[in-house]
Every structure is written in structure tokens, then in C-alpha cells.
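Protein chains: 2
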Amino acid sequence: MKVVFIGAGNVATHLSLAIRQAGFTIAQIYSRNEKSVVPLADKLQTNWTTDTNNIVKDADIYIFSLKDDALESIITQIPANPGCWIHTAGSIPMDIFDGHVSRYGVLYPLQTFSKNRAIDFTQIPCFIEANSSSDEELIYNIASCISTDVRILPSEKRKYLHLAAVFACNFTNYMYTLAEKILEDHNIPGETIIPLIDETAAKIHSLTPAQAQTGPAIRYDQHVIRKHLDLLKNPDMKDIYQIISKSIHKAYIHE
Amino acid sequence: MKVVFIGAGNVATHLSLAIRQAGFTIAQIYSRNEKSVVPLADKLQTNWTTDTNNIVKDADIYIFSLKDDALESIITQIPANPGCWIHTAGSIPMDIFDGHVSRYGVLYPLQTFSKNRAIDFTQIPCFIEANSSSDEELIYNIASCISTDVRILPSEKRKYLHLAAVFACNFTNYMYTLAEKILEDHNIPGETIIPLIDETAAKIHSLTPAQAQTGPAIRYDQHVIRKHLDLLKNPDMKDIYQIISKSIHKAYIHE
Chain A
116 MKVVFIGAGN VATHLSLAIR QAGFTIAQIY SRNEKSVVPL ADKLQTNWTT DTNNIVKDAD
176 IYIFSLKDDA LESIITQIPA NPGCWIHTAG SIPMDIFDGH VSRYGVLYPL QTFSKNRAID
236 FTQIPCFIEA NSSSDEELIY NIASCISTDV RILPSEKRKY LHLAAVFACN FTNYMYTLAE
296 KILEDHNIPG ETIIPLIDET AAKIHSLTPA QAQTGPAIRY DQHVIRKHLD LLKNPDMKDI
356 YQIISKSIHK AYIHE
Chain B
116 MKVVFIGAGN VATHLSLAIR QAGFTIAQIY SRNEKSVVPL ADKLQTNWTT DTNNIVKDAD
176 IYIFSLKDDA LESIITQIPA NPGCWIHTAG SIPMDIFDGH VSRYGVLYPL QTFSKNRAID
236 FTQIPCFIEA NSSSDEELIY NIASCISTDV RILPSEKRKY LHLAAVFACN FTNYMYTLAE
296 KILEDHNIPG ETIIPLIDET AAKIHSLTPA QAQTGPAIRY DQHVIRKHLD LLKNPDMKDI
356 YQIISKSIHK AYIHE
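Keeping their order, the protein sequence lines are chains A and B. So that you can map any letter, position 51 of the first sequence is 166 in this note's numbering, and since no number is skipped, the others follow by simple counting. So that you can map any letter, position 171 of the second sequence is 286 in this note's numbering, and since no number is skipped, the others follow by simple counting.
Keep in mind that the hints were calculated from the coordinates and are not lab data. Bear in mind the structure is a predicted one, so any value in this text is a computation, not a measurement. Some clues are possibly wrong.
Since the list can't tell identical chains apart, any single copy or any two copies may satisfy a pair.
[Said to hold, decoys possible] Computed list of lysine to aspartate or glutamate pairs in EDC-like fashion (alpha-carbon distance at most 20 Å, straight line):
no., residue 1, residue 2
1, K353, D336
2, K342, D300
3, K296, D235
4, K117, D175
5, K342, D157
6, K361, D184
7, K342, D210
8, K348, E271
9, K365, D354
10, K342, E149
11, K182, D166
12, K342, D183
13, K361, D213
14, K361, E271
15, K365, D300
16, K361, D351
17, K296, E271
18, K272, D300
19, K150, D250
20, K348, D175
21, K361, D183
22, K150, D175
23, K272, E299
24, K342, E271
25, K272, D210
26, K117, D250
27, K182, D351
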């Protein structure tokens, strides 16, 4: 089966490598940016283009892994063809393809991808859908070649999955960033906090996050909270500290 | 060496078990709460009391693991003795013992403890200090029996470590809680998000949190952010989403 990738960013990189490893032929990579498409095409030993008019027309599958705001305009720039068009975005409904091509779907891998970090795709939950049962089966089968956890989920639900991922990953990582900033501002090595970060994540395997919650905010320990707010000089960090502490406290009052 | 524990909460439980396993004698456990002291004394097969006047006077070490707001009042309730008094609190300065006993210090294990979750104490960074070099050595040696990562850190710096831990652990765990709430409100199993949580934490071993940051907030992708804010009905979650997204964006504008 012949696959074309539209996009050469973090998701496209990891997904195309996993798909190639599963035995598919990556026929071509498109990106408007030569700097990102060339290294990926090199890794995959395949062709590349930066011109939407040069995208091959006879592939079975077209996988769009682009920034959300680029997706719609790129779709309309590519002439329709008989292949199945698939995007990988959490927050974009499947029907973004509607009216442009007749076969389409979604393959959303729920994971955080960074270019220079290897990842085991087999462990990534993949959420798929399609506009026909035959293409649902096709995408299900492709996803099952790269991941052991494939589920069918409609766009209406997928958007909540993406929102939850923003909290669990992007916002969590920002909490790490702020913690490291506090340490480094006081000449304590940032990596000091890594065992705590690891255990905080590991706990969730055996406790619910609600059971795992610890710290001064649960009881709204005014004494500690006031001292912490005094230590924080950055107004954003003060605001974040205050609003999250209040919200934790509210959640635990009702327990 | 004879050790008395003052407190029977999460930290006291894990620390006393680790200390006993390292070959020390736990002579007694005190807690004002019989319900928590009895099960811990059972586990340690040792004596317990709920009366500060009955605390044994001839131990070498007294370890205070109490809630921050209880610590000061309990210290003054216990008659002074020649042992070395140690507390385990991140945000309380060592000199809380000053004027009451002549030998004192701190042993702060930087970790999140939940009672029903086993933990490998050897991997926990322990931060210690004392009011004399001989007791600094004593506490250093005790800590080295239970952990492979012991560091000397003064109270002035330890308070920032504790503040960083609130972000890296307590606030991070609350991000997990909110993510799980979003999923469960839409009938998606909460554990769906666990591989993402694991990878978000694992990334920090090879990338700095600043390098690991992904998601719509970096570019302040208005389109996605507006859609997410529309999906969030809870005003606290809306506020948290907005303030963290803005702060992430500000941090990345300057890159």
C-alpha cells in the first residue's frame, strides 16, 4: 500500500517512521518547508516535494499531519483524488475533508512527540474514524499495524480527548518548567526534581489522581500558601499558584 | 541507635519503615490520633503513645513528621531531652527547634508519599542540615543508610525546593485530575491518558521541560484555544486553561 505524508513535523516524523517500519511504502513527503521535508525524506529514503501540484495522485492513503491552522488551506490546495485522506489532529473534526474528497477519516495518536526523541509507537493509543465502514476498517487495520491500542472514536468525543491531553501533557510540562525555573533561580540543579516527577506520574497507575493528591492546597494551609506566594516574585507564577490552589481546595472540600 | 517517631502520617510511615529496614531500632511512635498510630506501630512491631508526656526520653533521634501547622505546638509540648530532634518538612526552617533543645536538624525527603503505595526510598533525594557539624554528620549518615542521594541544603534554599515540588507534583497531579474529569464527563475511560502522562514525565529525562513543551499554547493558536474554552463549562477550569496558556505563550515569545 502506497502512502503519502502531507507535513514533516513531529507527528509526521514519528508516524511515517512507524508506518514504514510496519511494511508500508512511503511514496512521498510534502511540506512547504524544504528544511523540514529533506531530513525526513532522507530518513525514509523517499521522494519529497514543496509544491502541492506535484503531489502524486495514485497513492492509496494521504496522511495530513500539519498544524491545525494550516490543515484546511492545504487540503483545498491539493487536487482531489481517489485515495483515502486521513488527518491526525485531535481537535479538528473529520468532516474538514467533506465536499473535497469522497473517502476520508482520522487517525489520532494520543501522545506528545518531539523530533529528537525516539518513541515506541506500539504503546500509543490511536483513535480512528472514517466516513464509510470500509475506510473505517482500512484505517483500523493500518493503525493496528503500528499500535496495539486502536479505538474507534467520533470527532465529537475526540475533541474532549484533545482537551484532556492539553491538561495532562502541555500544562503538566509547564508545571515542570516552572518548578525547574524556581530551582535554577536559586542555584539548585533542575534534575533534583526528576524522581518526584517520575513518582507523581507512576502513582496514577495504581491510584486515581484524586486519591493521589497531596500538598498544602488540599487543606488550603494558609500558613504555607502565604509563605509560597511571598517567595514567588513573578506575577504569572503567583496567579497560577493561587488559582490552582483554590481549585484543588474546592475539589477536596466536597470529599 | 534508638529512634522515636513523632507523627504517623504518610511521610512518617514510609520513612520509619525505611529506617527500620536500614537496621535502626524504632523505639516508639507518637501520634495524637490512635487510629493512625496503632496500624503503624503494628507494622513496625513497636510501642506507641498518644500522650506527649509518655514519649521516651532516652532515644538518640526524634523524627518529627507532622503537618506543618501542628509541628510548632507539638515541639513545645514535648519536654526537652539530649537527643537530636529532626523534622522532615520542606517549608519549615530548622530553627523552629531553637531555644527548646540544643541538638537539632532536618531530613527532607523530596517525594510524594501515599500510604497505600510502596516506594523505593533508596532513589529519593534527601536534603539535610543540622545546627552543629557533628549532628550534620550524624543526620547525613542516617540519611545515607536509606537513600543513595543525600545532599546538605540550608533552610533558606530548602523552602524553594518545597515550592518547586508543589508545582512539579501537587499541581501536576491536579492537571491529571482535570484531564481525567474531562474524559469521564464524556464517557472516555480515564486511563486512556496514562501513556501520555508517562511519556510527558519520561521526556524530562532527556529534554529540558522548555524543550519538551508542545501544544496550542506555544503559538497561542487562537483557533484551538477558543474552541477549548468553549468546551470547558467549569469556570475554574476555564480560568486555569486561560492563565496557563497565556503564560506558556509569553515564555515562548521570548525564545
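Structure versus earlier hints - violations, ascending order: 3, 5, 10, 13, 14, 19, 20, 22 and 27
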